[in-house]
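A.B. asks: Top line first, the protein sequences correspond to chains A and B.
Numbering of the first sequence is given in our numbering, commencing with residue 1 and proceeding in unit increments.
Numbering of the second sequence is given in our numbering, commencing with residue 1 and proceeding in unit increments.
There's no promise every hint is true.
One side only, chain A facing chain B, incomplete, derived with CB under 8 Å [unchecked claim]:
#1 Leu41
#2 Val55
#3 Ala209
Only some residues are given here: those of chain B computed to face chain A with a beta carbon under 8 Å [unchecked claim]:
#4 Gln154
#5 Val342
#6 Leu357
#7 Gly417
#8 Ser421
What the hints contain is simulated information worked out from the structure, not anything from laboratory work.
All C-beta atoms in this analysis are idealised placements derived from N, C-alpha and C, irrespective of residue type, glycine included.
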Amino acid sequence: MPSILHRTIALSLATGISLLVGGCLFEQSALHPAGRDASELSALAWFMFAAAVVVWAIVMGATIYAVLGKKKPRSERFADRLIIGGGVAFPTIGLAILLVFGLSLLPSWTSADTPDLRVHVRAEQFWWRLGYEQADGSVVETANELHLPNDATVEFVLSSTDVIHSFWIPALGGKMDAIPGRTNQLRLTPTKPGTYRGVCAEFCGPSHALMAFPVVVHEGSGFTEWMEQQRQPASARSDAFLGAGCGGCHVVRGVSEAGSVGPDLTHFGSRSTIGAGTLANTRENLIAWITTPGHIKPGVGMPSFMSLPEAERAAIADYLMELR
Amino acid sequence: MTPDEKAAETRQLEQVWAQPRGWRAFSDVNNSTVGLWYIATAFAFMLFAGALALIIRLQLAVPENDLVPAETFNQLFTLHGTVMMFLFAVPIFEAVAILILPAMLGARDLPFPRLSAFGYWCFLIGGVFVSSSIFFGQAPDAGWFMYPPLSTEQSGIGADIWLLGLSFIEVASIAAAVELIVGVLKCRAPGMHINLTPLYGWYVLIVGAMILFAFPPLIAGDLLFELERLLDWPFFDVTRGGDPILWQHLFWIFGHPEVYIIFLPAIALLAMIVPTFAQRPIAGYSWIVLSALGTGFLSFGLWVHHMFTTGLPSISLGFFAAASEAVAIPTGIQIFAFIATVMLGTVIRSVPMLYCLGALAIFIVGGLTGVMVAVAPFDFQAHDTYFIVAHLHYVLIGGMLFPVMAGVHYYYPFARGKMLSRTLGIWSFWLMFIGFNVAFLPMHLTGLLGMPRRVFTYPAGLGFEWLNLISTVGAFVFAGGFPALCVGLRAAQAQGAGRTA
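Next comes chain B alone, as it looks inside the complex (with noise of 0.2 Å):
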């Protein structure tokens, strides 16, 4: 080849993957844009969601408060729920895989750049038509599960913008899982045979395959839920033959997986980054990636243990305690695989590392509470209190936010260019360590003193008054370390010019 014909070869390629400008550039599928679209999307989310539950903090700082009427506390809490789950927890994996899966794997891009702003588009337009609900006073009210009959026959059109709204991030989900899988299968770089992918595509795998079994049962949940509230078929309504029990079942087979589906990536970003500043390879890789398998293959058998009260033989009780009980050993494994390979390494205390310490000091935390509420007969006092409330924030701060957290820290150099403050995520972190503590421990007490979930007020002088105050206090302290998180990006978008991506 002669070196005009390199040239012309190197001008042609550059002009292929060059980024379109203007008005184009709404129409770029490059996967380290798109990327960021969806994580900076996603985030927008979780902030808006965050300040929905600050309201609710603020009307249960103080008993018979009447800061927000029963009404709106309703929409507020359904509406954390939703957004936090559907369109922060699960399209945060999706998005940090698409931006950071290809280089792992030694590839340009994902095999289907398209499907992945397909999916990015239906995301969007799904979550700010259900986020947008609220500012019209006809967001969802019937909690996150939306049980019927309370959301096919009591909700307004709240319950259709849910369902709606949801459609398109099912959508997102499922282009997302056949986009990775695929990406993990077919894109490695010559000579990485499975046995040698970094472990977050193994658990991008894993992930991807949970979620083609895990959101169907959803997905058919929601026509029936659709087509009794618009053309009153009766699947849940029992005057008619229906069964109420049939949607808790629908939704939990999906909705258990999808605590995995959410807590599986980020454990991945774990094992990328613990190993980095361990200075060497994890420990136990064949253990890791099997009992991440393992998690996945239990996660579809315990979805029983969100309906503990619904009046169950106790048989099944006992069986799905069980297996309840039996997910927290590969749990177990994968952390002890962590502590191992920084107990052989020598540590670099940095930002990333902070964070993923603070993610196992909280997530153990809500797996232990896990193991108390999957022994069933607990669980009848703790089932829909905030026992549960602190527990499930346990189980998705730490097993989610902070190692989500550890990722912005030590992938943002990769994605921008440019490092992140450190004074600044040293700030962030203690503000969100402390301050989320401060507002979660005490929900543990305040659930078994008797406190309900989902109630917009309480009497005085049943002994939860200060705790609740408490947890208010915290969350203020929590949400303060966004703030800081959001002064750290602008600072380095400020730096000077760095790589560019």
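So here's chain A without its partners, still in its complex pose (with noise of 0.2 Å):
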């Protein structure tokens, strides 16, 4: 249904958007596609804004025109028509055409060839536990920034253990609840390398605004390098890691693995950003945040380590910034 047309007209109204707010980079945008399923229901978006607008123009034309406009005498035979017309006619044929086509939009799930790349996403208050399955049948599991290769039908398997979420890449598609007591799968594939941005976009507490996650499509081999770096166990120890407690909660793969409670920070230096999207990955940002996590996320199930001294909140930040 894309004709030309319509990608002109999303064309250019896009471009006109992005020069009123400034040019930014709409890495979460839902029109500004980076997938299959986003570049198909962006243009039905588009197509469905110019079909609204016409319909709302000729209806208010013809309202105006009634009220304001000098009018011949009408039968009662005519408003007659008007109502089978436009009240019963004209949206029964639109709509009927409108769900024929939308609805062929529908994806199809559980569809039962396998999908190339499977990832679990486990939503939690706030933020994501991934699990990457591989080709023996074993999971990888990171947290909070999603490696995907491109044009790869990836499945999510989408579950919760507390609160309802959902998971949402606007640039690659649609979003999908994660509710506790069920599994659901969602089906995206990526068509554009680059970086964009997911969100939990049902309402999850306090901190469900900062809830997000950086989406990285890879090109060529880059996704394989990534996950085979991925793959290995952590590249150094730490004492101040260890000797503050960190382990209790998260796994750093060859190091500690008895708690699992927050998320895994095996590889944590390689990600770009700290708390589920929140703050940029900096050493900065990261004593702030072991200093005083609930302050910057509030609700966050990680403790102030504010009573730790300065010098070992710095060594731990160091450590981590470190496991690339």
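These two chains come separately, so use the hints to put the complex back together.
C.D. replies: So, in structure tokens, the structure goes:
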């Protein structure tokens, strides 16, 4: 359906909008698609927008004319015709066409063919536990930063253990809820390499607004290389980290695997954000986060480590930055 | 009958119908008094919830704002939605109907005046109870549809306040529904057959019946909810065999018809106002009655479109998408019947008519975006974003607030015997109309650019800072319409004595 005309309209409107708002990076936008579903849906959105503007103009035009215009006297039969034509025939036909066409875009999430990659996503307050299924069936766990190969169909297996969340990467496609007690599937196919942003879309508590994640779509062998690196155990150990008891909640593979309440930190230094998309991953931010996470992210599960000596907090931060 | 007897009888009649004075004024059950109390109270709640919305808009005016903390923000938007829906949109229907229905049917009062008064006091008590919670920092904070497990397991006492307060409102709504249904069926003047009833009566009848079917699932859901919170019964707790989706079904099988419970009585006001100012009887009376019935019926079959992203099978998505589109047809018929009426008549330009046009312009946008989100795949993107915030406000402001404002200007002389100022009416209209569109039109885009709803903050650099700032400015212009209205009401009261009601 997305004819060249629609594309042109969409493109010019999108450009106009980007100029309007100062040429920002629309990395969380459903109207700047980088995936198969998102492209289809943004074309559908622009098409429906255009149709809606036309319908609105016609109905309001008729109304304004009826109120202000100089009219010929009309008969009751004219009224009946107007009601049948405008109220019955037009919406019935219009909506039937829209339905046939719109519902044809319904994805078949449960299709039998195996996806190219399966990622297990467990949404927790307020972060994302990600597990990449490997060819041998094992799962490599990371957190809060999603990496995907370009042009591959990825199946997300969504679950939650606390409250209802919703997994949404606008640039790649629609959202799907992660509901306690249920497992939902969502398939997305990235078509344009780059960095995007995903968010939680279902209100899930105080820090719902701070539950995001960067999405990196790799070109060529980029994803395989990244996966290989993530598969490795941690490159170093740290007494400061272990001494402060960080291992009680965080896994650093090869160093401490006792507690896994919080996000896996094995390759923390390779990630671009802290606290699920809340802060940029810099040393200063990391020290601030370790000191008072609750000030930065209300309701976060991580306790404050203000009681640790400053040097020790800095040492933990240095260690984590090193885990690339 | 001798003149003396006649005079004695008149005296007796006047005594029976006299308004109680002093402290006893609170015991009044006359529909024209209770109706006015009801309307004034509902408007007061609306102004309160509107003030909450302005704080929300201030917080979102700029990225990474820290005007209010997350916990307070969550209480603000939960209470804004709750109060607007349960303490303004639904009660204002009951309030207006109690005030104007008897006169329209040629009756002196409704069949059970004490029931109306009972409903009003329930509404007032429940409403004050829920609204005041925010002043103690204990307002509900899980969103106005209170999804478990967040609301059952992690909310404080606010969730109980929500449940208890709304139980009063549910009682009030059902009381009003019973009263109004019996009123329309039994209190019509001799010779006024059902097919000659003013359209308002038909709408009231249909909406009353809808309330009787829509509120029980909510009441049932509320009972389960409170049993879980208070006595730890596991209806929505998956670890013990419950299911959080059960609440979503119970809530939305009430929640969707509720939209039409709000919309139909407002469009009923248009059905009375438009013919007056078009100076001719309404065109397509039977069409309107049938399509109102159709809307009421269909509205019970599309609640799942609020749950498109919960992982339902495609066949369910397709069915409920089609049902959601279908409801646009009877709605379209009603709108075209009004347009046809105006086409056939000669229009007197007036403030109520201006509000009717504004309502139409806004509501059609809401209807068209409704058609968009009913297409399930598009909803996967739009759901839970500012696109939905824009959509629902276009529907409710165009489908309820503007018609009610038209009704206020139209029926004020009936209720108080005085006219409202035309100049102030026009001022309040344009402030509201322009302010509303400036605030909410950009939100369609904000949502599709990726801003989820119910966020207390957002990072800079995602492309929606300016849109949010524009929305905030618009919200304040919109709010400016209400002082203009209040000044108008005050000025009308200050005028010399008019007809005594």
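A.B. asks: Does B:Gly417 pass the interface check with chain A, least Cβ-Cβ distance below 8 Å?
C.D. replies: violated, 29 Å
A.B. asks: For the hint on B:Val342, just tell me whether its beta-carbon gets within less than 8 Å of chain A.
C.D. replies: holds, 4 Å
A.B. asks: Quick check on B:Leu357 please, does its C-beta sit within 8 Å of some C-beta on chain A?
C.D. replies: B:Leu357 check passes; min Cβ-Cβ to chain A is 7 Å, inside 8 Å.
A.B. asks: Is the hint on B:Ser421 kept, meaning its closest Cβ partner in chain A is under 8 Å away?
C.D. replies: With a minimum Cβ separation of about 22 Å from chain A (threshold 8 Å), the hint on B:Ser421 is violated.
A.B. asks: A closest beta-carbon separation below 8 Å is what the hint needs, so does B:Gln154 meet it against chain A?
C.D. replies: Holds. Min distance 6 Å.
A.B. asks: When the nearest CB of chain B is found for A:Leu41, is that gap smaller than 8 Å?
C.D. replies: holds, 5 Å
A.B. asks: Just to be careful: measuring from the Cβ of A:Val55 to every Cβ in chain B, is the smallest value less than 8 Å?
C.D. replies: holds, 6 Å
A.B. asks: If you take the shortest Cβ to Cβ gap from A:Ala209 to chain B, is it below 8 Å?
C.D. replies: holds, 4 Å
Hints 7 and 8 from the list above are not met by this structure, while the remaining hints are.
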